[in-house]
Amino acid sequence: MTSQIGPLLMLGAGLGFAIAAVATLDPGSARRMGPGAFPLLVGAALTLLAAITLVRNLRAPMDWHRPDPLAVLAVLGGAVAFAFFTPLLGVLPAAVLSVLATSSVVREFRWPWKFVLAFSVAAGVWLVFIAGLGIPLTAIRGL
Amino acid sequence: MELLSNLALGFTTAATLFNLSYCFVGVFLGTFIGVLPGVGPLAAVAMLLPVSFYLPPVTALVMLAGVYYGAEYGGSIASILLNIPGTPSASVTCLDGYPMAREGRAGVALFATAIASFFGGIVGVTVMVLLAPALAAFALLFGPAEYFSVMVLSLVAASVVSTSGALRGLNMVCLGILLGTVGIDINSGVTRFTGGVQELRDGVSLVVVAMGLFGISEVMVSARGATRSYATETFSLHHFLPTVAEWVSSIGPAIRGSAVGSFFGTLPGTGQTVASFVGYAVEKRVSRNRDNFGKGAIEGVVVPESANNAAAQTAFIPTLTLGIPGSTTMALMLGALMIHGITPGPRLIAEHPHLFWGLVVSFLFGNLFLLILNIPLINLWVRLLRVPHYFLYPTVVVLICVGVYSIDNSIFDIWMTLFFGVIGYLLRLFRFEPAPLLIGFVLGPMMEEFFRRAMLLSRGDPMVFLERPGSAALLGAAAILLVAAVVPIKSLLAGAGFRRPAHADEHE
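Residue numbers (my numbering), protein chains in the order written: chain V, 1 to 143; chain C, 1 to 508.
None of these hints come from the bench; they were simulated from the model. Where hints are given, some of them may not hold.
Claimed, not checked - According to the in silico footprint, chain V covers these stretches of chain C (three or more CB under 8 angstroms from chain V):
id	segment
1	85–92
2	175–186
3	212–221
4	310–319
5	382–393
6	424–437
7	456–465
Even for Gly, the Cβ is constructed at its ideal location relative to N, Cα and C.
Same shape as in the complex, but just chain V (with noise of 0.2 angstroms):
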């Protein structure tokens, strides 16, 4: 029943671009497309192709592959404590603390190791986007 999840969700993503676009924007004419027909069609298109490809699952449902939370929360981890402290500290903490976000879930990861990890990713963020780019981007808040 899962492996069915992915044809649904093309199948809603074909169906929301094709009544937003019915719902929203003026199709215009043949000769004079207005901004909704191009995303009507193709939207239309999908919603036709996700369709098939739902029969087709039904009926011999590809295997799906099992997801691994521990990892998507690292991740997710990593990134949401970059967006989260960059506009607090800076981008340099910032990217230390994304470090020891995501390394966290690896147990063969000992500590002092993320910490020289972390500070190394951090000293190579300065050197190669602030030192040598030199993109304005404010490395420590206060500094």
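Use these hints to put chain C onto chain V, whose structure you have.
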């Protein structure tokens, strides 16, 4: 003579210290990424896109291209030493490269790889120099209908080769096109599908989509998979030089491999992986040494490596002359060009000669750098494979975040990247390969533009796509490709009493 003066222009563009150093950085990073299984050239090019905005367009493209073909070199190293392909196209190299390594001839295999890759790369560049201007001149005859049809063909080709099947690939292409419609419609000025979010008025950024789909979701898939380093064995790397007999017997395979590679590289949607598989299959039929294939034959390393590197170069032909990317990585390159305000298409060579010829000449330098990098530095790459894999992932997450943030200093972009990361992860879980989505996303806006223009010119008659012979031929090719992929030919042949030869299934 014109060719010589063009090459001279390319030489003066590429041979500046600035461009040469970025070319070197590109091929070095590419090899690095290629060596590491799990992170492909696509993710690497995606991660470097934001950096490339701070460089002049020629330099940016030289660097990104270096990453791309450098990864082809690097990919074979893990194939030979560990039997794990660093890039998909290097998987064929495992077949004979790994047996060679187990016989204690890893050094010879790596040397042969470097030389064959160099040879393939040079052949590919030569084909590009000769073919690209001719194709561009031909493409000047294209009207909007032909452009629309050639895009349909390349999208169909991209879905057909998708690992999860043509049907699912087409789903992803459509989703990509739809995502490309988000933002202001350039014809009418109307905002589409933004849900009132101000940041989406300019559309979804290519960097955000690419980083989310190929960076974040890739890390989610493989973050906890490999907790140990890959290389645990030791290799004998004392002997590098092949014997005289091996040199002689490699010449034919190198030429055939490069020819096959150059051909498949130019076709939309096929690319290096198909090139190396076909090259190997052809060689296995024609080689005098065919009985040793799979047991450590040097020809089995030379052919796929010359093929995939030739294809890596010729893949630039449709990208730069038609504006049609043959692969997902090429779609990113195309995106990079457009962000720099350069529209790829038949006029590119005429309007930006220094860009085109500079890039071509940089390929020569890049391939030379790779040759120099690969032979003395093999020990470095082997040592890299001994570093525990889990050091890599937290680093990649930070690089993605910093890269996305650096474009506009926008935290919103990071959230969007995460959103696409989760979408990409879900798609992978349910066996929808995200690569065709990106090609659809890049081509979508152009497709709509040409579609609307063609319809306007034909006064609203959709038959224009079938009445113009060029357009009809292209759509016909797309239809044939689609039918061939969707209709199970095997069962049709079986039903008609045909039987496939026993060895035909080996590479499927």
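Residues of the segment 212–221 of chain C with Cβ under 8 angstroms from chain V, three needed, outcome: holds (count 4)
ask   = How does the coverage statement for the segment 456–465 of chain C fare against chain V, requiring three or more residues with Cβ below 8 angstroms from a Cβ of that chain?
value = holds (count 5)
*asked:* Three residues or more, CB to CB closer than 8 angstroms: is that satisfied between the segment 310–319 of chain C and chain V?
replied: Result for this restraint: violated, n = 0.
Check your understanding: Okay, the segment 85–92 of chain C and chain V, do three or more residues pass the C-beta test at under 8 angstroms?
Key -> Three-residue rule not met by the segment 85–92 of chain C, so violated; n is 0.
Chain V covers the segment 175–186 of chain C, three or more CB atoms within 8 angstroms, holds or violated: holds (count 5)
At a Cβ distance under 8 angstroms, does chain V reach at least three residues of the segment 424–437 of chain C? holds (count 8)
Check: For the segment 382–393 of chain C, do at least 3 residues have a Cβ located nearer than 8 angstroms to some Cβ of chain V?
Finding: n = 4 at 8 angstroms, threshold three: holds.
In this structure, the hints that do not hold are numbers 1 and 4, in rising order.
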